[in-house]
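Protein chains: 2
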Amino acid sequence: MNFKDLRINGQRLKSTIEELAKIGGTPGGGMHRLSLTDADKKARDLLVQWMREIQLEISIDEMGNIFGKKRGGKDDLPLVLSGSHLDTQPFGGRFDGILGVTGALEALRVLRENRMETRRTVAMVNWTDEEGTRFAPAMLGSGVWTGKFDRDWAYSRPDVQGIKFGEELERIGYRGQAPARNWPVHAYFEYHIEQGPVLEKIGKRIGVPKGILGIIWYDVWVEGKANQAGPTPMDARNDALVAAAEMVLKLNKLPGKMGGDMVTTVGEIHNSPNSRNIIPDRVRFTVDIRSWDDGLKKKAAEELEKEFAGISRRRGCPVRMEVIWDIPHTVFDPNLAQRVEKTARQLGYSGHSMVSGAGHDAAYVNQVAPTAMIFVPSMGGRSHVEVENTSWEDCEAGANVLLHCLLRSANE
Amino acid sequence: MNFKDLRINGQRLKSTIEELAKIGGTPGGGMHRLSLTDADKKARDLLVQWMREIQLEISIDEMGNIFGKKRGGKDDLPLVLSGSHLDTQPFGGRFDGILGVTGALEALRVLRENRMETRRTVAMVNWTDEEGTRFAPAMLGSGVWTGKFDRDWAYSRPDVQGIKFGEELERIGYRGQAPARNWPVHAYFEYHIEQGPVLEKIGKRIGVPKGILGIIWYDVWVEGKANQAGPTPMDARNDALVAAAEMVLKLNKLPGKMGGDMVTTVGEIHNSPNSRNIIPDRVRFTVDIRSWDDGLKKKAAEELEKEFAGISRRRGCPVRMEVIWDIPHTVFDPNLAQRVEKTARQLGYSGHSMVSGAGHDAAYVNQVAPTAMIFVPSMGGRSHVEVENTSWEDCEAGANVLLHCLLRSANE
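Taken in order, these protein sequences are the chains called A and B. According to the numbering used here, the first sequence is numbered sequentially starting from 337. According to the numbering used here, the second sequence is numbered sequentially starting from 337.
Any given hint might turn out to be false.
No distinction is drawn between identical chains; accordingly, a pair holds when it is met within one copy or between any pair of copies.
To be verified - Below, computed lysine-lysine pairings styled on PhoX-like, alpha-carbon distance capped at 20 Å:
1) Lys678 to Lys593
2) Lys635 to Lys405
3) Lys589 to Lys537
4) Lys561 to Lys589
5) Lys358 to Lys405
6) Lys561 to Lys537
Calculated directly from the structure, the hints in this document are not laboratory data. From a predicted model like this one, the values you see are computed outputs, not experimental measurements.
Could you build all of it, start to finish, from the sequences and the hints given here?
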């Protein structure tokens, strides 16, 4: 068979995803498979079994990242890599991350069953703790592998019960021997659902992200004065929740004011003492600002700090803002992105150049190797929720684009 | 000694309050003595011991309300009653409720040690579960005693762990034999801290509430659509927290719009899934509206429902509002209120006619017997917080007013 006639097996990809969805599946049809839990271990075991079935050379590194290689003719050349993650949000969906791991597995299955030899080695990967829901920050596995984080620091990260990342990695038997240190990679492709509404809205099948938005995260604390709700006149109040509500609305209006493709979100808020008849005295909330334009993001952050200080003064509610994460936008390799776009076109799929609003392991890998991503539509733009969905046709299409991108890069 | 020269012992009142503050005291100088806990039992035991020391006739009713009587010459006449509650908020203060119980105890001690006989019986009371923090709603003890609530319904009220009021009452040994049913009361006085800033601000010592504000409580649910924060454009969002924030601000502006002495508060808010990078899809919050003017309160509630519906429509976030409590304002007995004011003046204390913003057991007792309250200043207007404070001079002054009001009513 000629390289260009190869196609992945959509039915097999579907049943692979459905098998994985049984491990940690929720009654609502979603997934609850937090990093390094028993469910994560079970999903890893199944993945490793599937990788063995197609004779991949498996290696597990100190961070639990699982690699599987199919050797090429020139296996001393830098290899071609693809993957994503099997861990999920607490009530996440069946596709986020999982599609990228199973898509790479399916591509390797097709190469194996068609006895396709490549010049370079083709490898797949399952990165540890992409979601960061149990062990923050996100992308610990790829973060250590690319030198962004220190291994022992990662081991020390606690979950909410104080259990350490390193202990849990050991417990589930996935603390491997290989150093969690990157080696030369010729090209990295990450296949993923869009997690947004754009592709569906414009009716395109393959998204080609030119990169990932820059992100700044704040933790914000607002202080008020607790008092009995009844006897405290309105003009004698310092209500931390009212001040915080004004800040939430201010942040929500920021993208309209700044222009560009900026998005802003308050996802988390904690109110204290949170009692019906007591005026709130402490509110903590998060701020998430994302933009492709790092300058605009900086300007927005400055504007926000000024606005919050003004609200704080006016309402007599001291505010403290702490930047806990600030990364510039990621620009993927233009040649690889072009390869994704061209491959989609040649396979007869409509493509669309776009940006990724969400962070991905690809952002870290991009710092050490040429990287690109392949997106397929998310129904209703929904993601990180149980109803997250992508049509099986789209899953198949994206996996075919991945297969041919891998082949092209592997035969360079 | 002549009646009119009697004074309470300020030093003894202080040390009584300080003794009680040791039971369930917090490191921050406040109180954590929730209803029917071991701490509540210990405080009750101490109170009963003190009541025995002055030979009060003690009776405990089915709701755990503790009564202590000093018989008068005409003990077939309706008696004169005074008291409040020993339970506290989770991080409440040393005075709320406690001052009213210890003030009544101190008045009876003075009568006993001066061998003062009264015409009518003088009695004190410690009402069960005034705060309603552990077992909602508030004022369960006085509520059943006045026929507002059914006894068995009260027994069935659960705390957050599902433990029932009735079981806990039994466990701490305060489920008494006497029926929790009101008997004729000639006059009820409740001595209490103001829990607001008014008296301190205008420099008056004794507050004379003409009644208690009417209250309406809502639970409000707002629904949005959860999505990944990054890839979801601002105009494709239904952010439940942004909608709720707008509602919080709208409620906060309502008193200014309606006029009058209205106060409005959102004390409690719960956000879901409450994750930094997920757009909130469910927010629940409370609404508390209080006004002396029942018509204005009704108008405000209607206005609020209209405004919330508008925000809901505009943001595509369905809202559900449920009225969970709606009581008209309470008007205390004008003759008794006048007695408080006159007594304060005669004792040389400055008085001020006002309203109570907070609910009290007095609101229920007022439905079955002539009732009045006596307020003293709260430092900084702070209450339901650990730093809640009232000067010992003010505590003494209020207790003297109580003593003489009791004497006057008891000798009618």
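Hints, one by one, checked against the model:
In this homomeric assembly, Lys678 and Lys593 never come within 20 Å of each other (Cα to Cα): the closest approach is 37 Å inside a single copy and 61 Å across copies. For a Cα distance limit of 20 Å, the shortest separation of Lys635 from Lys405 qualifies neither inside one copy, at 45 Å, nor across copies, at 71 Å. Taking CA atoms no more than 20 Å apart as the test, Lys589 paired with Lys537 passes in neither setting, with 23 Å inside one copy and 39 Å between copies. For the identical chains of this complex, Lys561 and Lys589 are inter-copy neighbours only, at 18 Å across copies versus 27 Å inside a copy, given an alpha-carbon limit of 20 Å.
With identical chains, the CA atoms of Lys358 and Lys405 are never at most 20 Å apart, being 26 Å at best within one copy and 68 Å at best between copies. For the identical chains of this complex, Lys561 and Lys537 are inter-copy neighbours only, at 17 Å across copies versus 47 Å inside a copy, given an alpha-carbon limit of 20 Å.
Against the hints set out earlier in the document, violations occur for numbers 1, 2, 3, 5.
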